[in-house]
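**Student:** Here are the chains, one letter per residue:
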Amino acid sequence: MDLEIQGRVVDLVDKYGAENIIVLIGGAEAEAAGLAAETVTAGDPTYAGPLAGVPLGLRVYHVVEPEFKDSVDEQVYEDQISMMEMVLDVDEIISEVSTMRNEFGQFNE
Amino acid sequence: MNYSVIKGSSYVLINAPDMIIHNGTTQTTEKLLNPESEYLKSLPDHIRSFDEVINYLPNQIYIGNHKPEELKNLEQPWLDKKTLDGSRDGRFGEIMPQDEFIGLIKIVDVFDLVKLTKEFTKDVNEKLSIHPLIKEDTVARLKEGEELIDIKNLIEKNGAEGLFHNGELVGCIKRAHDIDENLTAHVLFENLVSKASGVLSALHLIDKYDINPEEIDYVIECSEEACGDMNQRGGGNFAKAIAEFAGLANATGSDIRAFCAAPAHAIVQGASLVQAGTFKNVMIVSGGSTAKLGMNGKDHVKKGIPILEDVIGGFAMLISENDGINPILRTDIVGRHTVGTGSSPQGVISSLVTEPLDRNGLKITDIDKYSVEMQNPDITKPAGAGDVPTSNYKMIAALGVKRGELERSQLNDFIQNHGMEGWAPTQGHIPSGIPYIGFGREDILDGNINRIMIVGKGSLFLGRMTNLFDGISIVIEKNPGITKEEKSVSEEEVRLLVAEAMRDFASHLLKD
Chain P
1 MDLEIQGRVV
11 DLVDKYGAEN
21 IIVLIGGAEA
31 EAAGLAAETV
41 TAGDPTYAGP
51 LAGVPLGLRV
61 YHVVEPEFKD
71 SVDEQVYEDQ
81 ISMMEMVLDV
91 DEIISEVSTM
101 RNEFGQFNE
Chain R
1001 MNYSVIKGSS
1011 YVLINAPDMI
1021 IHNGTTQTTE
1031 KLLNPESEYL
1041 KSLPDHIRSF
1051 DEVINYLPNQ
1061 IYIGNHKPEE
1071 LKNLEQPWLD
1081 KKTLDGSRDG
1091 RFGEIMPQDE
1101 FIGLIKIVDV
1111 FDLVKLTKEF
1121 TKDVNEKLSI
1131 HPLIKEDTVA
1141 RLKEGEELID
1151 IKNLIEKNGA
1161 EGLFHNGELV
1171 GCIKRAHDID
1181 ENLTAHVLFE
1191 NLVSKASGVL
1201 SALHLIDKYD
1211 INPEEIDYVI
1221 ECSEEACGDM
1231 NQRGGGNFAK
1241 AIAEFAGLAN
1251 ATGSDIRAFC
1261 AAPAHAIVQG
1271 ASLVQAGTFK
1281 NVMIVSGGST
1291 AKLGMNGKDH
1301 VKKGIPILED
1311 VIGGFAMLIS
1321 ENDGINPILR
1331 TDIVGRHTVG
1341 TGSSPQGVIS
1351 SLVTEPLDRN
1361 GLKITDIDKY
1371 SVEMQNPDIT
1381 KPAGAGDVPT
1391 SNYKMIAALG
1401 VKRGELERSQ
1411 LNDFIQNHGM
1421 EGWAPTQGHI
1431 PSGIPYIGFG
1441 REDILDGNIN
1451 RIMIVGKGSL
1461 FLGRMTNLFD
1471 GISIVIEKNP
1481 GITKEEKSVS
1491 EEEVRLLVAE
1501 AMRDFASHLL
1511 KD
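Sequences listed follow chains P and R, in order. For the first sequence, our numbering begins at 1 and goes up steadily by one. For the second sequence, our numbering begins at 1001 and goes up steadily by one.
Okay, chain P solo, but in the shape it has when bound (with noise of 0.2 Å):
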């Protein structure tokens, strides 16, 4: 995850707080979608940016998982989403976010 979007999830969770926050991933590479799963729970995994060593523990999910999936207009969902679950490696997307949730998110339910 680039150094000033790490930066602006930093400004969100002083500014509201992160049982308040849900990071939502749309990225296309199951690796690439844990990192960013990775930076936003355990802390910057490249030790770069200003979440290195800062363990925020946030809610995240991918858009193709079934958590958010489920809980957005079904419609708006096939106009703008279900095209790409051809596309993606949905199973891997969401073994790598899943597993980063929840080994080091807080604020699971």
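Keep in mind that a hint or two might mislead.
Straight line, CA to CA, 25 Å or less: simulated DMTMM-like cross-link-like pairs of lysine to aspartate or glutamate [unchecked claim]:
(1) R:K1298 - P:E29
(2) R:K1381 - P:E85
(3) R:K1031 - P:D2
(4) R:K1127 - R:E1100
(5) R:K1363 - P:E29
(6) R:K1402 - P:E29
(7) R:K1303 - P:D2
(8) R:K1402 - P:D44
(9) R:K1402 - P:D2
(10) R:K1381 - P:D89
(11) R:K1298 - P:D2
(12) R:K1381 - P:E67
(13) R:K1363 - P:D79
(14) R:K1298 - P:E31
(15) R:K1402 - P:E65
(16) R:K1298 - P:D70
(17) R:K1072 - R:D1358
(18) R:K1302 - P:D79
(19) R:K1302 - P:D44
(20) R:K1302 - P:E92
(21) R:K1302 - P:E78
(22) R:K1402 - P:E67
(23) R:K1031 - P:E85
(24) R:K1302 - P:D2
(25) R:K1363 - P:E65
(26) R:K1402 - P:E85
(27) R:K1402 - P:D70
(28) R:K1303 - P:D44
Hints listed in this document are in silico derivations from the structure and should not be mistaken for laboratory results. Note that the structure is a prediction, hence the values are computed from the model and not measured.
Given the coordinates of chain P, assemble chain R onto it according to the supplied hints.
**Tutor:** Okay, now just chain R, sitting in the frame of chain P:
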């Protein structure tokens, strides 16, 4: 409709090993932040020789010596599979070595900003003198050269930027103003690289297709640099600067910027200008960028492979009046990513691909080949960006499935038949739609295919002026031949009308 045609296209690469180290932003940033980093130390061991660059199949495809379909049956990665018959001379252009290119930068500099050492000048003079496209009077612009000490002084005391070859300082580019940020040596370096590689592309276009440069009326330049000064940072214009050196005495021109989508925008505009009759021959041209050299270098070094972003890319094409032979540019099958399209991939692909097809009663499968973002996966995969062209084809196919034009089981067949492997260097605008135009034109002329779609996409948000994405597409089609029908029918009609009027007149006379 009297469409315009594609008369030809040229493609050049410049191998720039020292510029990776000194001018690629990944490396310059690292030097600033971590000057002692392991990456910078191991970088020189990962730089390919000119021979390796020449014998790399994707590069030979880019300049037209091998065909894109050869990559289909070649297992990835391709970097360890030498072509053996690699040549610097290509059917569409060439792969120029760095020393000659530095000479060319000096040649195209009209403000005496580029200084080369005497020794290097002599060496390059000999090499460029036998270059088939660089004329004697042009080579003379290299002059005698300077003393190394004077060049060092300009770098140390006057903000000049060094020019290196084989690890040695061989010259510099001076700043053109003492405080104007837009005329610093760094900016001028990038702009002169873009201009020189654009000029080389234009010269190859003229040469390869036997074009009379004086018949070109207008030039649209579509690179990713900006030239100007503190009062007009992107004032322009590269187009006319390139035209001047390519001998286009009767042309003027302008620059189009749209990030990586600029070449596709340029094609649509060039085609429209010719079709409207405003100009007869429009050249589209673009040089490349040094900033992107070694852009994914850290990942390449980490994975133990060579730095594959070691070439600067350029291209040119000529759009002319309909000759009844060359493929036509269907300005009525143009797709646009509009402000209202949104940023979801589904919206993007619909606006660029299916919307224009729907308007013309065509299906996704009616396009024989799609030329999308043709980045070489050897470069992008180790950097975690996946196989970019394949992702594009998957999206087009998936949209086809959603629309009921394809069965889900046909998804892979569609990618195989309507897609291609990527072979273009990651120079932003260079891989974006245009790499296939040379082969596509030939494939259509040979009767192998009828219709291709060029899809250009651009990440406008990088400029921080909008969050929007951008893209534009156009279909290129087999020329049905010039039909005189419209004209002869109307002449016939006129004759009939005149005859009728005469009869009327005569009958009136008789009545009188």
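**Student:** The structure should be examined with respect to each hint, and the outcome stated for every one.
**Tutor:** Status of the hints after comparison with the structure:
1. R:K1298 - P:E29: Roughly 19 Å between the alpha carbons, so the hint for K1298 (chain R) and E29 (chain P) holds.
2. R:K1381 - P:E85: holds, 21 Å
3. R:K1031 - P:D2: holds, 19 Å
4. R:K1127 - R:E1100: The hint holds at about 7 Å.
5. R:K1363 - P:E29: Violated, because 29 Å separates the two Cα atoms, which is more than 25 Å.
6. R:K1402 - P:E29: With Cα atoms ~22 Å apart, K1402 (chain R) and E29 (chain P) stay inside 25 Å; holds.
7. R:K1303 - P:D2: holds, 21 Å
8. R:K1402 - P:D44: violated, 38 Å
9. R:K1402 - P:D2: violated, 34 Å
10. R:K1381 - P:D89: Within the cut-off at roughly 15 Å; holds.
11. R:K1298 - P:D2: holds, 15 Å
12. R:K1381 - P:E67: Not OK: K1381 (chain R) and E67 (chain P) at ~30 Å, beyond 25 Å, violated.
13. R:K1363 - P:D79: Status holds; Cα separation ~19 Å.
14. R:K1298 - P:E31: The hint holds at about 17 Å.
15. R:K1402 - P:E65: Holds - the C-alpha atoms of E65 (chain P) and K1402 (chain R) are around 20 Å apart, at most 25 Å.
16. R:K1298 - P:D70: Status violated; Cα separation ~39 Å.
17. R:K1072 - R:D1358: violated, 30 Å
18. R:K1302 - P:D79: violated, 39 Å
19. R:K1302 - P:D44: Within the cut-off at roughly 19 Å; holds.
20. R:K1302 - P:E92: Holds: K1302 (chain R) and E92 (chain P) sit about 24 Å apart, inside 25 Å.
21. R:K1302 - P:E78: violated, 39 Å
22. R:K1402 - P:E67: Holds, at about 23 Å.
23. R:K1031 - P:E85: Violated - the C-alpha atoms of E85 (chain P) and K1031 (chain R) are around 41 Å apart, more than 25 Å.
24. R:K1302 - P:D2: The hint holds at about 19 Å.
25. R:K1363 - P:E65: violated, 32 Å
26. R:K1402 - P:E85: Satisfied, since the Cα-Cα distance of roughly 11 Å is no more than 25 Å.
27. R:K1402 - P:D70: Given that 25 Å is the threshold and the Cα spacing comes to 20 Å, the pair holds.
28. R:K1303 - P:D44: holds, 21 Å
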